[in-house]
Structure formats: structure tokens, C-alpha cells
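Student: If you want the building blocks of each chain, they are given just below.
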Amino acid sequence: MANLSILDKAKIPNYFRSKHVRTGLVIFDPALCTGCGICVSICPAGAITMNSDTPGERKKIPELVQLFHDKDILACMACGDCTAACPGDAILIKRGYNTKYYFKKISQVPDFAFPRKY
Amino acid sequence: MKKKPDTTLSPLYTYHEGMNWNPVEKVIFERRSIRVFKKKEVPDSLIKRILEAGRFAPSAGNCQPWKFVVIKDPQVIEQMERDTIRITRLLMWFIDYERGPVRRILLGTPVRLLTRLVPNMLHPIPFNLLQRIASGSVPVYHNAPVIILLLVDKRGVGTPSLDAGICGQNMVLAAHSLGLGTCWIGMITLLMKMKKWRKRFGVTYPFTLDDCLILGWPRGDYDGEIGREVQLVEWIREGSPQSKTTERQGE
Numbered sequence: 001m002a003n004l005s006i007l008d009k010a011k012i013p014n015y016f017r018s019k020h021v022r023t024g025l026v027i028f029d030p031a032l033c034t035g036c037g038i039c040v041s042i043c044p045a046g047a048i049t050m051n052s053d054t055p056g057e058r059k060k061i062p063e064l065v066q067l068f069h070d071k072d073i074l075a076c077m078a079c080g081d082c083t084a085a086c087p088g089d090a091i092l093i094k095r096g097y098n099t100k101y102y103f104k105k106i107s108q109v110p111d112f113a114f115p116r117k118y
Numbered sequence: 001m002k003k004k005p006d007t008t009l010s011p012l013y014t015y016h017e018g019m020n021w022n023p024v025e026k027v028i029f030e031r032r033s034i035r036v037f038k039k040k041e042v043p044d045s046l047i048k049r050i051l052e053a054g055r056f057a058p059s060a061g062n063c064q065p066w067k068f069v070v071i072k073d074p075q076v077i078e079q080m081e082r083d084t085i086r087i088t089r090l091l092m093w094f095i096d097y098e099r100g101p102v103r104r105i106l107l108g109t110p111v112r113l114l115t116r117l118v119p120n121m122l123h124p125i126p127f128n129l130l131q132r133i134a135s136g137s138v139p140v141y142h143n144a145p146v147i148i149l150l151l152v153d154k155r156g157v158g159t160p161s162l163d164a165g166i167c168g169q170n171m172v173l174a175a176h177s178l179g180l181g182t183c184w185i186g187m188i189t190l191l192m193k194m195k196k197w198r199k200r201f202g203v204t205y206p207f208t209l210d211d212c213l214i215l216g217w218p219r220g221d222y223d224g225e226i227g228r229e230v231q232l233v234e235w236i237r238e239g240s241p242q243s244k245t246t247e248r249q250g251e
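Protein chains in written order, with our numbering: chain A, 1 to 118; chain B, 1 to 251.
So here's chain B without its partners, still in its complex pose:
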């Protein structure tokens, strides 16, 4: 639909109604998760520049509860891919109730009960993705040249995983503004079930690993504006303390 529209950009630190995007907004609105990468190498200096954006992210009490691990070895990434697929196959052998008639009868009810116990992990979207990974039709790390692991220090102030998310988003926006493509890969949590990989990446107390970033030079021009669902926003304004008005954000 609307690809990158050719408009002049507004300067930073100014606002008037209906003005064009400024460079930061342009990066935010045209950012897409990139999953197809060139074989070209990403220079170390560029990765360091992106990590620098993460280092200066806001965090609760300025405790910076994160640690970065950069993986650039294609052999290690290949091993990670293989092991993730293996562990996904093992998991799906136990919980995939849509695979055949026998499984549908035996596993259907218990797995759907389990969905209620761990709703975030077994949401229909990741469940579908797990099925696709197990069948080999979707890759996990998309042959990315670089993986940045975002380890979270459990001892941080407040909600450390939220701080790590803010840090990651800083790095994502910095990477996109420099011409790289990134994508969040949450399936690394499955790999962290293996002791071998936990040891290798140093994911021991106090660190945990929930998410990682893949990055590389995008093959083709896939960034661009898209449509999203209209959001219902509740406004509590000065004049009406009891009643709140719902407005449709985006229309």
C-alpha cells in the first residue's frame, strides 16, 4: 500500500498540527520486522554503534539491568537453529493436538486446559508458529548474520524485563535509522531450556534470557507504512471527572 511517501521531513523539537513526520517518527512508522537478509557482513563498528543506543536507554533507578551477547559466528547460529528445531519437535510431539485424529482425542482437552494455565506461551499465534517450525516450513533465526542476546539481570529495580524491552527498542530504532533490518525472536526461550546453551551464553543467575534481536542488511526494501487496527482510547478530561469519553485513535 503506502510505501515510503516522498515528503519533506519536519525539523526535530518543533510541533504544529498536521505537520510532516520528523526523522524519528519516520523511522518509527516505517519500521517493519525484517526477516530476509543479505549474506553481506555487518561491520563491528556498526554493531557497537547500535549497542551504544542500548547502553543509553532509560531504566528504573538507572540500574541498567541488562547484558549483551553478540553472536557473529555463522556456525554457532546454524547450531542454534538446529537445536531450536529439535527442541520444538520434541515439545510439539507432546502438545500438538491437531496433528492427527488419535492426538486430537488424547491431547485435545489437556492441552487446551494448559493453554489457560500458561496463556502467554500457548497463545494461538505462537502455537501456530511452533507447528510451522516443527514442520520445517518456517526458519527460526532467518539466516541472520548477527544475533544480539538481551540478557536481563533479575536483581534490577522494579520490572527489569520491561527495562530490557525499552533498551531493545532503542537498539531497533537506531539500527533501522542506520539502514539495518531487525527482528525480535522470542523462540530463543526454547533454546534456553537446554543446559548446554545456557552455559555457553552465560545465562546463569542472576541473568535470564527472554528475547533476542537478529539483525543484518535487509534484502529488498521492505520498510514502509502499513495500516493497523483503530485503537479505542479512553480520555479523562478536566471537565468531566466521572464520565470518560472513548475516542477512535487513528481515524
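Chain A extracted, bound-state conformation:
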């Protein structure tokens, strides 16, 4: 289990740098995606847009919005609304949201699991 050291607790990170935060990441399967745009309309953070020009593809595929100058900082926090809404099961949560240092999630590990029938 991750224990925060005193140094980590005292640090004042900048949560707009990828060194200090790991934002969520979802991947869109271009083979299964129909380009219906439901995920774009329901994303709570407005983090998804339709990719206007995919080379070699006629249909539009969604993609995550890049927020700041740092390309690894996305608005996604892996809430899973898009995966639950997708009619074609084309969206997969690749990575969860986790900051480093002070706001770090301590008792959760990055692996994702569906509700299990114990």
C-alpha cells in the first residue's frame, strides 16, 4: 500500500502538469464505433469531441480533448459514463484518474474490474 511520506504531504504540486497528475484515458475502437456521438453529448466534463479529419476514414471517430499545453492532461477522470452509454461497446477505460502526492488515491489500484457476483 502506498504510504505518503512527509515530503509528499508537504509538496505543493501543479495539477496541470502530467508529472503531477495522471488523468483518465478512454480508447475508442474504430472498428466498433459507428460515430453516433452519444458519448460526446453525455460526457460530464465535455472531454470528448468528434474527430473531424481521420485520415483514410470516412466516418467520424470521437477523441479526447486536450486541455492545456501539456498533451497528457485531458479532462477525463474515467467516470465511465461513456462506456455505459455506448451502444456498440466501442469504448474502453484504459487508465483511471489519479493524482500524485497529496490527493493520491491510496486504497484503490489502477486495475479496472466490473461488479462481481460474490
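It is worth saying that the hints were derived from the structure and are not from the lab. For every residue, glycine included, the Cβ atom is placed at its ideal position computed from N, Cα and C. A hint or two may mislead.
Stated by the list, open to error - Covered by chain A, according to a simulated footprint, are these stretches of chain B (three or more residues, beta-carbon under 8 Å): (1) 13 to 25; (2) 33 to 47; (3) 69 to 81.
Guided by the hints, dock chain B onto chain A, whose structure is given.
Tutor: For chain B alone, coordinates are given in the frame of chain A:
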């Protein structure tokens, strides 16, 4: 991913290992925060039925430290939306250090120090949301037809805000089981900084307002099972009082 799987439901009040979900569990696992609503009106009787689920929630010492305010007027909701965006813009003018190079130099260190003083309010996730609201790319109340304010009576036993949370979750589950969609909106605390709205909703002593529920008929079928991070659970069992074992919940 896994949408609502078509399985037969188990009856209530029974358990054997690996059985299917019962109706209550099904509602719990498929509940998602709904943020896209139909224009269709929600009947008063249905709202009253949901409030009834809140009225029968457990609370410390049965003191029921809550008060409900139901807002159904679309004009009022529109005004609330406008004022929340206005106050967010004002706030972000002072604390948004990522807006430009000058602000980054002047505000960077003081705001990050402030983050340490009020860690819950300025967590990176709400900070990001505030930025998105101020820029107008994300709505606050999502054009919901109904808003239920969950006022907390400060004089309650123990931790009244926790009791109000239990009450709210009761209402959320009841609403989802009846086919409605709900979402918690915490940004209403910003609106409560304005005296005008505090007076209008009766948020004066002994009441405080920390959270509200929006509800309406969901547009599209957005409920469904999703994956969540695996939880590390510490078990303290009978045989080993000194050492605790950590198990991965969910795998």
C-alpha cells in the same frame, strides 16, 4: 462495455454464493449520474413518491435533519444557471492561474498554497470543472426539469450532513428504480454565496445547503454496469489479531 445484462433476477431476502443480482443490487450497479434530460414534465405524484423514500431514510437519533425544496419552474432554473456561471467567472478571475502567462506568475504559488488550506474545494477535479463552467463549455444544471435542494439542519445529532447524504442516496435509488435519472450537483454551494438565493430558498439558520439533486427523464439509455478501480480491503479476522490481510475487492 457491459450494458444491462439480460439475466433473471434473484428474489429479495435470500443469498447463496454467486447468485444473480436482486432488484435492489441491479439498481445500485446500473446507476449512472444522468446529465442529459428530455423536455418531458415529471408529474408531481412521482416527485412526491421519491421524497417519500427520503423521508424514511435512517438518521442519527432519528432526528431527520433535512428539509426539501423542490424547484420545477424552468425560469428559476435558468436564472440559477446564469447566476452560477456569473459567480464562477468572478471566482476564476481570482484563482485561475492557468489562464495566461501573467496569471501563472502572479497567482500560481498563492493559489496552490490555498489548495492546501481548502483541499476539498480546490481538488484538481472541481477546479477543472470550475474552469470548464467559466469558459461556458459545460452546463451546471444540465437543463433538468426538476431540482431538489437538500437542506441540512445544523442542529441535528452527530454529523447531520452525513444523514442528509444517506437521505439523498435513498432518493437517488428510488428515482432510478422508477425510471428517472438523477445527478448530484455540488456547484450549488457557489450559488449560496449570493444572499438573494439564500433568502429565496430559505437557507438561513439553522439550515445549510451543500448539495442538490437534479432529476428528469433520461434522454437515451445511459444506465449500465461499468468497471471501477479494484479496492484494497483490509480484513481483520478472528485467528490473526495482530496481522491484517489485504485483499483485492472486485477481482
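Student: Decide, hint by hint, whether the structure agrees.
Tutor: Do the hints match the structure? See the list:
1. Using a Cβ-Cβ cut-off of 8 Å, 5 residues of the region 13 to 25 of chain B lie near chain A, which meets the minimum of three, so the contact claim holds.
2. Proximity of the region 33 to 47 of chain B to chain A, defined as three or more residues with a beta carbon under 8 Å from a beta carbon of that chain, is established by the 3 residues found.
3. Three residues within the 8 Å Cβ limit are the bar, and the region 69 to 81 of chain B against chain A gives 0, so the coverage statement is violated.
Consistency note: the structure conflicts with earlier hint 3 alone.
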